[in-house]
Amino acid sequence: QKEVEQNSGPLSVPEGAIASLNCTYSDRGSQSFFWYRQYSGKSPELIMSIYSNGDKEDGRFTAQLNKASQYVSLLIRDSQPSDSATYLCAVGRNQGGKLIFGQGTELSVKP
Amino acid sequence: DGGITQSPKYLFRKEGQNVTLSCEQNLNHDAMYWYRQDPGQGLRLIYYSQIVNDFQKGDIAEGYSVSREKKESFPLTVTSAQKNPTAFYLCASSIAAHSNNEQFFGPGTRLTVL
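Those protein sequences? They're chains A and B, same order as listed. In terms of this note's numbering, the first sequence is residues 1 to 111. In terms of this note's numbering, the second sequence is residues 112 to 225.
It is worth saying that the hints were derived from the structure and are not from the lab. Small disclaimer: the values here were computed from a predicted structure and weren't measured. Beta carbons are placed, not taken as given, at the ideal position from N, Cα and C, and that holds for glycine. Just so you know, nobody snuck in bad clues.
Taking beta-carbon pairs under 10 Å as the criterion, some of the chain A residues facing chain B (in silico):
id, residue
1, Gln6
2, Ser8
3, Ser32
4, Gln38
5, Lys42
6, Ser43
7, Pro44
8, Glu45
9, Gly92
10, Gln95
11, Phe101
12, Gly104
13, Glu106
With a cut-off of at most 20 Å between alpha-carbon atoms, the simulated EDC-like pairs for lysine to aspartate or glutamate come out as follows:
id, chain 1, residue 1, chain 2, residue 2
14, A, Lys56, A, Asp78
15, A, Lys42, A, Asp83
16, B, Lys168, B, Asp149
17, B, Lys120, B, Asp149
18, A, Lys42, B, Glu135
19, A, Lys2, B, Asp149
20, B, Lys125, B, Asp149
21, A, Lys42, B, Asp149
22, A, Lys67, A, Glu57
23, B, Lys168, A, Glu3
24, A, Lys56, B, Glu213
25, A, Lys42, B, Glu213
26, A, Lys2, B, Asp170
Next up, chain B with everything else stripped away, as it sits in the complex (with noise of 0.2 Å):
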């Protein structure tokens, strides 16, 4: 049963924690990404990964990073630094880095900053 997962579904943080958002995927893709959507607004782009061992800021990538350490596997940590982090994150994965391939989403996690 291929696809994206991602977790936990829920996530509370205090102010000043670090929380690491696991997103894994058998659907044999090279291509990762993390967005980030808040209420009202579309999805902006944290940080992609075209293959393993690579990645690249995305246009909201300050307070962020990721790693990409297997092909399956690219979990985002949301550090203190980022100063607004409530939000739903969304993990997407498509078969190559090309604008032509579509892009596949994980069911997200909503992070809620206590």
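In isolation and in its complexed conformation, chain A is listed as follows (with noise of 0.2 Å):
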């Protein structure tokens, strides 16, 4: 089993939907969580974190966790062509700050 696994995609949605993207994780005594955005051929480029049960917004976004399921999602409200990206789901390691990313979500928003 990995230790943080996404749906690779890709995920396609219409222009002004809601976008849904998925991440769950194997260590339970995990603490932080990240969302990455990620264009093709760029560096990946932070849009949430989350340390505590329960959603978070930001804008357009929302991070949603839940530790007893051990799954972090990230919500796109209002969906825009310049979302399509591929978004990697991160969690924290204690040890040195480490991050451990999954393989990342391919998002596809079609006009």
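Need the complex rebuilt from these two chains, each delivered in its own frame; the hints are there to steer you.
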């Protein structure tokens, strides 16, 4: 079992819809969770971090964390073609501040 | 203008050569990291450094070496012992080496072995 798992996609949604991206992790003791957006050929860009159970909203983005079920999700409201990218889920390890990344979910927003 | 810079953007290496990738940050961050990304895959940790003059191996350190002589610099050398070095190399930094601290990435170096 991989430490951090994501559906590779591609996930295709129409413009204006809600895109839902999911991530599960295996280490029950994990405390920090991050979502990065990566455009093709570019480096990852941090878009959300979440540390407590529940929802965290930032503009059109909402991160949801459920530690009991060991999953974290990212919702993108009013999806735009410019949101088309690969979204990487990362989970923090206590040792040295290391991050464990999932393989990423490719999102395509169709006009 | 704070940030992380990596150079070169593209690098071509012949078999048997060592090459060094540069990573510099002016964010005054203590911790720095090197990751490798292969097509369609997530990032894998090569080396990390929590403080100047100290560094630890990550999950795939074989065939790589690093140094941390200055807080702002963390160069990565890809040696000839690395069997499959063609990949996208990403440097990141965080304010401190703690799991809650956000990591920020440089623009990356794309290495191709000819």
